[in-house]
Amino acid sequence: MSTTRPAAERTPRRNPLSMLSGGTATVALLLAVVFAVIATQNPSFFEGPPLMSFARMAAPLVLLAIGQYFVIVSGEFDLSVGSLVGAQVVIAARLIDGDPSRTLPVLALMLVFGLVVGLVNGLVTTVLKVPSIITTLGTMLILFGAVRYWTGGAPTGELSEAFRLAGRGGIEGVPFLGQLPYALIIAAAATAGAVWLMRSSYGRSLMATGDNDVAAAFSGVRVWRVRTTAFVLSGLMASVAAVLIGGFSGVTAQVGDGLEFTAITAVVLGGVVLGGGRGTVVAAVLGALTVEALFTLFTQLYLPATIQPTVQGLIIIAAVAYASRRGDLRLPERLRRRPGHPTERPLGTSRR
Amino acid sequence: MTRSPVSPSLLDPRSLPTRIGTTALVYAALVVILAVSAVLVSAQGANLFTPANTVDLLTRSSLLGFLAIGMTLVILCRSLDLSVGYVAALSTVVAATVMAGDPGRIALGVGAALGVCALIGLANGLVVTKLRVNPFIATLGMGLIIKGYLDTNFQGPAGDVPSAFQVFGYARIGLLPVSTVVMLVLAAVAIWALARTRLGHHMYAVGGDAEVARLSGVRVATPVVTAHVLCSVLAGVAGLLLAARFGTGNALVYGNGYELEAIAAVVLGGTYLLGGRGGVAGTIAGVLILATLDTVFNVLAVDPFVKDVLRGTIVIAAVALYARGQLSRAAVRVRFPSGGTPPPEDPPDPPGGPSPRDPEPAVGGAR
Amino acid sequence: MTDRPLLRMKGITKSFLGVRVLHGVDLDLYPGELHALVGENGAGKSTLMKVLAGVHRADEGAVELDGTPVSFDHPVRAQRAGVATVFQEFNLLPERTVAGNVHLGREIRRRGWVDVRAMERATGDLLDDLGLEGISPRAKVRSLSVAEQQVVEIVKALSQDARIISMDEPTASLADHEVEVLYRLIARLRERDVALLYVSHRLKEIFDLATTITVLKDGHRVDTVAAGDIGPAELVRTMVGRPVSQVFPDRVEPRGERVGEVRLDVRGGGNEQVDGVDLTVRGGEIVGLAGLQGSGRTEIAQALFGMERFTRGEVRVDGRRVDPRSPRQAVRSGVVLVSEDRKTQGLALNQSILANGRLALDAVWPLGARRRSRRIPGILESLELVARGGHGQEVRFLSGGNQQKVVLAKWLAADPGVMVLDEPTRGIDVGAKQAVYRLMRELSAEGVAIVLISSELPELIGMSDRLVVLDDGRVAGELPADSSEEAVMAMATGAPPDEAPEQDPERHDPRTLGGGPPVSDPPENGPRSHPEEAAP
Amino acid sequence: MHVPRVLLAGAAGLALVLSGCTGDASDGAADGNGADLTPEEEWFDQEEFDRQLAQRDIEPEGPEDEPWMQAIEPEWIDTSEWEFDDPGEATVCFSNASVSNPWRVTGFITMEQQVEALQEAGEIGDFQVSDASDDDNQQISDIQAFVDSGDCDAIIISPSTTATMTPAVETACESGVPVVVFDRGVNTDCAVTFIHPIGGYAYGADAAEFLVDSLEPGSRVLALRILPGVDSLEHRWAAAQTVFDDSDLEIIGYEFTDGDGAQIKDLVSQHLQRGAVDGIWMDAGDGAVAGLEAFEDAGQEYPVVSGEDELSFMRKWQEEELEAIAPVYSNFQWRTPVLAASMILQGEEVPEEWVLPQEAVTEETRDELLEVNSGMPSLHYARFGGEDLPGFPEAWEDR
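Protein chains in written order, with UniProt numbering: chain A, 1 to 352; chain B, 1 to 367; chain C, 1 to 536; chain D, 1 to 399.
Where hints are given, some of them may not hold.
Far from chain A, by Cβ distances over 12 Å, these chain D residues were calculated [claimed, not checked]:
1. THR79
2. ARG104
3. VAL105
4. GLY122
5. SER149
6. ALA223
7. THR257
8. GLN270
9. TRP396
10. ASP398
Label pairs and their computed distance ranges (CB to CB) [as the list claims (entries may be wrong)]:
11. D/THR188 / B/LEU122: 32 to 42 Å
12. B/GLY111 / D/PRO393: 51 to 61 Å
13. D/GLU174 / B/PHE49: 22 to 32 Å
14. D/GLU41 / B/GLY111: 25 to 35 Å
Reference excerpt, derived from the structure (chain A facing chain C, CB under 10 Å, subset only) [claimed, not checked]:
15. VAL214
16. PHE218
17. VAL226
In case anyone wonders, no lab produced these hints; they're calculated from the structure. A virtual CB, placed ideally from N, CA and C, is assigned to each residue, including glycine.
Using the sequences plus the hints, can you model the full thing?
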């Protein structure tokens, strides 16, 4: 394995590789390659409308990736987003049941619900010190079961056109693009918001917490609060994603299945380190776009449907392996886990 | 920090419970759950411990057991394996197709299946250790790769398991299903190996702190890779069990979310997800807990969707319980319990003095 | 001592990412000698050690062991060859037993199976042999004190029949009386003709222990001298390359308007760890908390900082009654803590210098953070922080001294009224120490009330205006700034200066590794086991 | 570190190249992702195929207005050996594969309603259900548990997978109580009766033939499948392949959708980007609407489509006056097993293999069915056949 080089002797700036070492560059590169291959298969892809429909389909994943980013960068996991999305869509369908007048109240309710789920995830993880992978795994089961029990196993009711506007509609008659999807606007806004948030004091505290929650706590960060907020943000993002997905394709029984892993994959593909403290929102967003672009690529190539997972798996592993660099994240990881002084132990981290 | 010589665990009354702590806690939890379940069931006028239910419980536990034992090893090494479900599925089809209904080819089939699984485990281990891919992603990706292979080549049931081998799936000794016996034996072997082999010790070491292990001359990659190989092989065994019960190979079992269930069992068993602490004994208890729940749900004919809700809640609750236990293990020696014995000149708590209140969780966890 | 070197390193050169950190360093090591390796942080001491230990490979140069050239490409190779290293960070597994740690990687096996009993027996024998019955081989390392963990490290090295043991800052985290135990170990090792390579920033130790001293500076070997032939001042000059007139800077003319006001006032503070703590600190005052490791110094610091609350008594800051329940509340009330463990408690190592610098602001005053953080670059400048990568560089690439400066900057940005410094100079080089001392003087001149906690008595006495001595969680008494180390130790060990501390075992029992008497005492009265252990 | 990086580059390259090659290859073949039209023999049985297609035109025996009691070419067998003194006391046990999709949910409700009706009539007693949530191993345990408990006087089994359930069903048979298998079959005929609609081949053929008839030669057809490896679904595709093979339609390719609307819409829109899609063949109705919306959003006219008798699709079909067909995998088959069980317990004759009719919904029959199911939720199945049960319609409307 690698050697940890003495801190003092190391200058990252001099490292020619350090330019690439962040996942951001890798994922950007990968995205470019994938787009290039798509272009060869389907030159028309980069004309407005196809691109826009790509954006519309990618938007929910982008939102989920952003939400997942907050949680992962704080050193946790959120496996519950998939079934949360599913639950939200089903709930919306049942409550709206085709009645446009109920659209807004239900939208509000969805946001509240997402917020509550995030809050529960966060508090159970931080206050009860349950590893987040277990917490959110539990929430995943609970949501999955509860919603189906509530709807008797299969979704009932249907979404109103108004509700579906966000995911399906857009601003018409935009030059070149044709229709500018609301989904794209929402995703872009969310991205901008996330970037701003990560520059804010909260974002910095979040980053520090994911990096070394003991030091963060010693600096006055309310670790439990920062982490819980991250889960809440994830829950909210999932809710918005649910609005987009439900809007995009209406309600089906399987909606949301497996989205949690796709989202985590996207984030990690962006070079965000599981375990926290490293990686940028933009990288996560690029990761989401890459994953979606891969799916598109497979279809564009008429890749046999059965082989697609294999290729997906290979590319993900290769990309992450490529982005992972020697010495990266080793040193800090070790230090975090040192017994150090007993005073460190009281601050039991809830990580995984 | 405490004054040191208070330390040696054997002599410190407080650390005795905490040393065996978690595992004991897990078995306590198991007993409690069994008791509660028994009551609930009998309230329904049924009996939880009828031979039928007992066998059912044990059978359920053996499959998950195989997966969870392997998962424990991997997690002890501070890794993770999300591909076990797919490996098990692959194992069923490989075994069944190789055996092709011919009792003479049983050994061959078992060998082939486990061999393939071992190779996959090796790949997982190498990708994690050499390419430094986060195990979460590495094994997730491996799962996808296998899924693609299965979807392409084995759509649905394939092969035929000779009835001679189905014994593994159905035969019992008294109330004890053969598969459960095998599972418990493997568990015992694992426990022994962890305690009595270098590799076992090194697994704890690497999981505890890879750098320390390395500087102590441990070849860090070896335990991790071995753990992954063993984990996949055990997943293979689980696959064999499935094949024996199905009488054929079925690729679709990868859809049953075995990996997450196994992780849940391991964590329920009190093994630390960040590695270096825990063991197989606890895991078995975790497995039994989950199996008990399933059986009870079945006996009580709980709505399948309510099952999920209950499962989720109980897992979280149980782990939260251990977390509480974990905190006490960090307890420092109390020098002045309850205000201790303040010397005369020491003023007692002034009225209106600060009243002890729970500190903020972030920093207060330890008391 | 033979004339043939046991180990000879010649022209060792090592570069990292194009930065050369060792320039053709030579070093000879003889059996039974203690060879001190001194120099500022970043001078290359650790690297040289790691080359010897097989952690790093030299780019150029040769290593000869008993005249035969060797090249260790892995720590274990070095260990097999009898070269053991005790690294600065403890290399122990908290969840494993002492025996398990000592034999990690070299488990004793019988018929192929690891024989835990045998490992425990072997470890026990070694511990007894070194007069350390206090530590049970079956204890989990997690449950040991820092000092005991240090001992386990050395026992680990010994158990490998090392002929060469190199120690990197072995005393960095030990209290003086614990250092005494280390002294005894070293004496025994030398009797066994073990050659020792020893890195320390504590000149006192070096002159107590060293037979030979090699000075490194910026990766070059400046000089190698017999310990007798050089004095402290001269040594420091050679290390730093500039004359250090005196170790502790003079007090600065007070100018802050709060100088003299009572800024921190603790009355009868107590919790599970400390009791009846009375402590008053005025603006412009530096009060030293003296006491043994575990006497309650850190606990008081943490109580003031809202980590472990005082459940009894009351705390006033600038006259206001406070009861901080979290660091955040403490910081809001004007109390900050530079904690003793930089890496685990002070810094987010993957974040930039600037991010760490403004972390406290971000955490405590989110709204003002952006504005107030503008001062941070200036503060970093004033601390003479040197970072090749600029303020955007991740702190994990900084030397210990510079990392400490980042921690200080973080707290200065919060304009503290009361500053608690817990081992602020641990493991940092002479230059950085000076910077820290000067900073303390400046702050107190501006009216900040400073509480200094340190295991280095000279530092404590040299910097403090007053000493509050703790023993077993209670204030044993106060001493003036000019007290002698002996006086402090005596009070800290609960014995009047003229008495030997042996008479009252009850009060001694909690002391690390037995009643280590003042440094000056002879090694005879070694450590004793404790009632707890003694009891069957 | 160099070696790995080379490896990685290799892996990544390989992955992309691999995909690239297949891509080019299929472009050459000009029919999408290798949707070759020779069905895997694993899933195709010419004899069975022909039989099912024939069965579609055979007039079933049994009461006119009760399709769930009708049987095609039944061979009645005597069940007196199972006769139960007081059927009202008999416990019927049902091992369900799952209720993990709307079709099964609808069916299970129908079954429960049928059970209540029979219990009212005192024709069966207790009704125990265990749900395996699609886990074969779980279902084996469930069946085992039923057998071991010894409470069951009749066991109804809806196998989660054909082959894998065989041993379990055999154990059930050996326990000496009558066993009724429905929906999917098993590789043993030890069950007293095996109840199922005509089958997957007929379903797939109904859909495919409709496309062939209503599309111009050379039209491009996209096949949307839920997931691979499920026999009933594979049979539908195999049949479709056979039908398409001797047609002049161009099959662009097939995709797996998990029945997830988002994926379906995503995939369809992408195929629309690559060129016209004139027809859509689906192996199940789930998400058909989402697929059609892709056409709306792309501003293209609707394709000729085959869905299923799922209401969301049928309603869309009616509103948009699509050219469509809704093949049926008769949902009312969930009633029959309970009825069969009670018949057996009363010693009445039952068909050895009970083949239920399976009639696709066409434009003629559509509106009437929608009329009957007007109040039903969108994921309800039109031919659920519970209209005459006491619980109708509430039981299905508010689930």
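Hints and how they fare:
1. THR79: holds, 32 Å
2. ARG104: Violated, since 8 Å does not exceed 12 Å.
3. VAL105: violated, 4 Å
4. GLY122: holds, 28 Å
5. SER149: Consistent with the label, D/SER149 stays out of reach of chain A, its closest Cβ about 25 Å off (over 12 Å).
6. ALA223: Label violated. Min Cβ-Cβ 10 Å, cutoff 12 Å.
7. THR257: violated, 9 Å
8. GLN270: Check fails; 5 Å does not lie beyond 12 Å.
9. TRP396: violated, 9 Å
10. ASP398: violated, 8 Å
11. D/THR188 / B/LEU122: 32 to 42 Å: holds, 40 Å
12. B/GLY111 / D/PRO393: 51 to 61 Å: Once the Cβ atoms are compared, 58 Å apart, the range 51 to 61 Å for D/PRO393 and B/GLY111 holds.
13. D/GLU174 / B/PHE49: 22 to 32 Å: holds, 25 Å
14. D/GLU41 / B/GLY111: 25 to 35 Å: Given range 25 to 35 Å: holds, Cβ gap about 29 Å.
15. VAL214: Holds. Min distance 5 Å.
16. PHE218: holds, 5 Å
17. VAL226: Since the shortest Cβ distance to chain C is 9 Å, the answer is holds.
Against the hints set out earlier in the document, violations occur for numbers 2, 3, 6, 7, 8, 9, 10.
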